[in-house]
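Going down the list, the protein sequences come from chains A and H.
For the first sequence, full-length UniProt numbering begins at 1 and goes up steadily by one.
For the second sequence, full-length UniProt numbering begins at 1 and goes up steadily by one.
Among these hints, one or two may not hold up.
[To be verified] No farther apart than 35 Å at their CA atoms in a straight line, the calculated lysine-lysine pairs in the DSBU-like style are these: (1) A:K42 / H:K305; (2) H:K294 / H:K463; (3) H:K508 / H:K564; (4) A:K148 / H:K54; (5) A:K104 / H:K325; (6) H:K226 / A:K5.
Honestly, the hints are just simulated from the structure, not real lab data.
Quick caveat, the model's predicted, so the values are computed rather than measured.
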Amino acid sequence: MKEYKVVVLGSGGVGKSALTVKFVSGTFMEKYDPTIEDFYRKEIEVDSAPSVLEILDTAGTEQFASMRDLYIKNGQGFVIVYSITSRQTFQDISSMRDQIQRVKGVDRIPMILVGNKADLEHQREVPPVEGAALAQEWGCPYLETSAKSTQNVNELFIEIVREMNSSPVKEVTGCCSIL
Amino acid sequence: MRVGGTPANFIMEDEKPGSTPGITIRAATPERLIELCVGAFEEGVAVQQEDFVKVFFLMHQWFMTSEELVQAFIDLYQSSDETVSCDHPGCRHLPSCHDCQVQHYKRKICQAVRYWITNYPMHFDLNGHVTAAVQSLGGLLQAEGNSQLKELLDLSTVPSYEWMRSMSVRNTGSKHSRKVSLVFNHLEPEELASQLTYLEYKAFRRIHFVDFKNYAMTASLKDQPKLERSIALFNGLSQWVQCMVLCKTTPQQRADVIVKFINVSKHLRVLQNFNTLMAIVGGLSHSALARLSKTISCLPSESQKILMEFTELLSSNNNFSNYRKVYHACTGFKIPILGVHLKDLISLHTALPDRAEGGLLNFRKMAQLSSILRELTRLQGHDSVPVDANMDLVNTLRLSLDLHYTEDEIYELSQAREPRESLSSPTTPTKPVVFADWVAGVSPPDSNTINKHVHDMVEAVFKNYDHDRDGFISHGEFEAIAGNFPFIDSFCVLDADQDGMISKVEMKTYFIRANCHALRNSFKHAFHETTYFRPTFCIHCTGLLWGLIKQGWKCKDCGINAHKHCKDLVVMECRSKGSTKRTESLSNGAGMPEMTLSAKRKISQRQKRASPSHLQEQSAQTEDVIHRMSCSSRCQPHREVTLVDGEFYEEQSLLYERLLKAEEDREKLMEENSMLRSRLEIANEQIMTLKSHIGVIRQNTIAFILEQMDALHMQRDTEV
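In isolation and in its complexed conformation, chain H is listed as follows (with noise of 0.2 Å):
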């Protein structure tokens, strides 16, 4: 059998294997190209030069559209008839036709395009005009009575790939400000690292072959969105590891993230995530923070040595070889850097001419291309992610890794941490300084409790703001602590002897003195576990209040708030003292027409919230009072019983009043129940509704957020 012809200008082969085992091709026209593939089937021998078939469909995207092939394979069908000659005389072609050459060959090409469908079906999923051209071969297939061949062309088993094509959902939503920290100091590093791994699974095999052809070709992000959310989310991580680093306020806190963030890594790098690995080590060791000699010295030797070995297989030294090796190595799972992938398929688009002599295809280039295209297409097979999402972990996890911040201002913070040449300056805190648990159970204290408490807050004032550690307190650190002690009295009141600093036992005999309502008041806050509706953040670890519900604790009085594990650590002041009347009326609402409306809801929702559980108090009291009532009901015949035989029958026909009276009592308190339950279910009613409005808020917030990461990407774009 022959198919057309093999001039020499159509193709050309290598006399030698190329780079690429297994392919030989060169060169070729794509109708050649196609030719070849039909004829590498074969009908019940296994496919010839799989190699070359697989690299032809993985890789005829690059220079047609799959809609293109399947035309022409449908060209190349109707034109059978007359371009394969068949040896029977006499023959008509028809499907009945066993050893009719034309039918063999038009089996090749269906047996082809099943190939296809079978090994590459995103092709057919994502692209409704690839599917109806299929559809039309096999109407074609169907006027000829090949039914049987038609089978082959069936698309009902292709999996939906629906992932690949839709992004996230976005909506619009109001304006509010956020923090970075939202879920970092709620997660273990384990945790994390799988949670991390599942945001970047997610958008890595998302992207599509031609979202990686698009980028090789114009070296740009614009209208690949695809692509662009994988890179954002990837430097989204980098910056979220500086912030979180750089909003401690001590050297010592900002190595403790760190460390956190190193075991992080550690799990990502069992995972086999090298691309999210790549982004919290570039931001480890990024010169934001690589620059904090002070922090990096708190930092335990064995996670620096672990964050060296990082680096170094990270590291772009001898074209990333140690990476590939490692990579490489890894079976299963696997996410790889993109950014080096991204680089080797721009190396290899750049490298090699598209058409080779004559211009045919240079099929060699798509021979190369396809090794790293297959590598990346390669995971979106995968179904499982060897991690168990948490989707409301990754949901938030995602707002938190959007950030608001350039480069420049973060390095800024930086340096606003630790001042270059920071040798002797001191760290200013800008946040106040957390003591010793010292306010933890403040009860009214005996005065060796008190004693105790001042002893260990000077000792903790000490360890703070005594920035040149020679035991006393200068003017200008004493600025530093009135800022966080408001009601402290000026220097010279605790400069005792007048020498121009303060000592700790200064220190100490002030604050014993004037003991006080300044340590027994001011430092005590009026806690109370409190329902948010917006996003609400810790006053002492900056983090989010977490959960739905009663996420923390807020100071009746000054208003701060606080984790529950947090509330005992805080040392601030309850500074509005002198403005008790403001709050409290605040917290009444009562007669504040110029409450906003939020505040509004949120007394209304508190006190909605506080009803249920009052009632269903009363109603679990009034069943205890039957209990004992019917108890006693049942037990008085058995003492009457009793009392027949004795002598007391008055006291009988007094008990029999009283358990008339009782019965009465008991069926009066049944009513009640009865309406204190309706009430219950009334107020369960309305807890519901409340709840779906907490949805709905949940769900503006979030839209909100999505909008504000697009006008952010959007911003990106135009700065690109």
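Chain A extracted, bound-state conformation (with noise of 0.2 Å):
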């Protein structure tokens, strides 16, 4: 089974637990704790392929300047959230992927640009079509979500999948041995 690395960057408060936890817990869930080893795993099947994904989820650690590069380092997939409820999160996100590429040294990540609140419409700055323009520059798939009702969550990491398989990243460890 193949194993994948997903990276769910954002701004602080765009949701990116939201997403994480919808997706790794479904709805509801009886135990729950984030400081287990295998928390952040989940298995899914991606065109008939199965595949596992760990999720690494930056909240919280936001403000970490040098954990981010840390994370980035790690990953394979990079999940790209902001709020369509914000547009500074939306301003935000382009310096996260100018440090991807910085960290990565190639132009072709495979990376998701996700919107998230969309169930919240009532208060969107963000029109979709500034989001898909900006995913059409990236070279990018865009989604809209919401982790409330959970629109889109499963479709999300599925995207992301597909993006790794299409353009691999070369193997993680070796980038980090280095230093």
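Put the complex together from the two separate chains, hints included.
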């Protein structure tokens, strides 16, 4: 079974945790412990191929600049999240993409652009066309999601697996071992 | 005894033990939780369901303020006359009635409050309102004559948590620039690790429960200065690591700095300070440094291995499983990686709803959160840090950790040091390259010494400038040399055989022939010990000239500054030969109306500083003379006796005369001595005032830097 490392990036408060939690845990959980080893691992089937995703939720550590670099080094696919209710979060993400490219040192990196909180249509500040336009510029897929209504949550992770399949990043262990 | 009812819709309990051991309550109303808490206290027995009680008191601030909780206890106390039924007919529920159920219940309330005060004292010391509320409960007890119970509410033993309230003092000041290397060069890795741990601990233990709660809820640092300060320290440290490495010009120098930081990391691991370890390892493995392939090739394999082990330890793989295992195995003093635990907190908060069915408070969530928060707040009780803080170092360190660089700027610097695809292109030295210590101890050299110096220097030049290592200096390479040797002749002069290349021999011949003022004079600096009144940096190692007075050595002629131990290593021409006049008049300080105030102060200070020592010297000499005088005068009678017996009477009278004269001299010298002493006293007084001046200046400097820090934080805030 193929294993993928996915990093969820975005400013604070865009709902990274909510998306991650929704995906790894479904709607209801009897037992919940985010400190256990395989908490963020989940099996999914993508195009009839079973895969294991290990998701790194960066929520809470957005402000720790040097941790972000370590995360990116470790990741193969990147979910870049903004909130459609906050233009600021949409503006923040371009620097994140730059950082990913810098750390990875290659142009083509599997990533997906995500506008979260799609359920809050009445508070929308970023229209879908802008998100789509940015995704086109980056050459990556674009989805609007809602962790609350689970809209597109699974689809988003399926999509990022497809991206990783089409342009696999070289084994990450090599790049970490240098320094 | 029954307290209220226990209707099913007020509380939900787990049938089997839930995820948190010892706690069976799944959800309940806050009122019911408080009742349960009071119920756990029984006189003369250990607290029942202590796990629940602990979680309740630790976590209550998640859903209510401490003030509200005290008020709830007061309400419970006041209403107990009605709600609690007493078995004794005709009992008036007075404190004297020992078997009275009402009194019994009141005692339980007070014991619950006592438990709270004893185990979570910071809730009381940090909040005046809570203290006031407890005092009003005390007043209630007093009014009922329950003085015995009132003692339970005694708050006087609550330790002070002043440090949690206070932030570092900040003042305003004027602007000037700083460098990043402040103390780095002067500290051993172990010392550095200790002081960093002290700083980290100070920032960490200030973060209050409410700060964690707000951060988990809002995911923003807005209005959370304590948490922000701690994160700023973390980021500052990572940046400092990067800057310290990148400010070195050659790959080997950079590798040396990396090795030093790896050694610091080793000590941090021993101190179990994982947060600082993360910051440093994060800085070392940052892309701005990881891309420096030349530098990394200079790293000893042992250091590379250690760094890899640390990266492994702190890796986010498998949900930080390596770190978590090691962290939990550590006992005693330890500092967790704040980011990891904040992440857990947010994850839990996001995943679990605040309210369970029927609008009840989700107590299981509180129980789960409490395990993280207990860990985070546990350290704050530690009064001892396993390190000795040196406040001067800590303060300086704190300043150097606050950098004005952005990630982009650091990355640019990294690219400038080792350009992309830099396999063939040379590193461009941006600072005068340091040669062998051939200038050390230059005194008027004989020809042998000069030859040796020239040889060493030319070797050094080739080592540093002959980038393609072909044994010849090309045109391009010569340009770089000329930049550092303005007095050197043109390329053609050196290239004696006109083959377009300068060989070592050609260069040696040139220098020996030119021998010369270029060597003997231009490279010799007239260093003298100097006291600096503003942060000044060494031209050689770029470190701060450290200390209060006589921090370093300044060249009288060209004005460069260096450490005592660096001054002999400086290889840079003394460039102001032509303008000696100007510098001389400057150092005299006379007739310079356009001179800045600080320069004047500097000079006058220097003169004043010089005078007392001069005086002391004089007085010491004087005393010496007196000593000799008195010695001779004491010897005189002895000699007199021998002379009386002899025939040299004349000589005796002559000697007597001399004695008188000597005594006269002595008196004069005594007078002079006392006068000099009084002058010395005055001079000492002056020193004292000047010292206090320095204090003020220092204060202002620090104040300014702190203000800058503030501004930067504010700027970061707005950026965030």
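Right, here's what the structure says about each hint:
1. Restraint check for K42 (chain A) and K305 (chain H): satisfied, since their Cα atoms lie roughly 32 Å apart, inside the 35 Å limit.
2. At roughly 16 Å between alpha-carbon atoms, K294 (chain H) and K463 (chain H) fall within 35 Å of each other, so this suggested pair holds.
3. For the given pair, K508 (chain H) sits about 30 Å from K564 (chain H) by alpha-carbon distance, which is consistent with the 35 Å threshold.
4. For the hint linking K148 (chain A) to K54 (chain H), the alpha-carbon distance of about 33 Å falls within 35 Å, and the restraint holds.
5. The straight-line distance between the Cα atoms of K104 (chain A) and K325 (chain H) is roughly 29 Å, inside the 35 Å bound, and the hint therefore holds.
6. A distance of roughly 33 Å separates the Cα atoms of K226 (chain H) and K5 (chain A); the hinted pair therefore holds under the 35 Å criterion.
Figure legend: structure checked against the earlier numbered hints; every hint is met.
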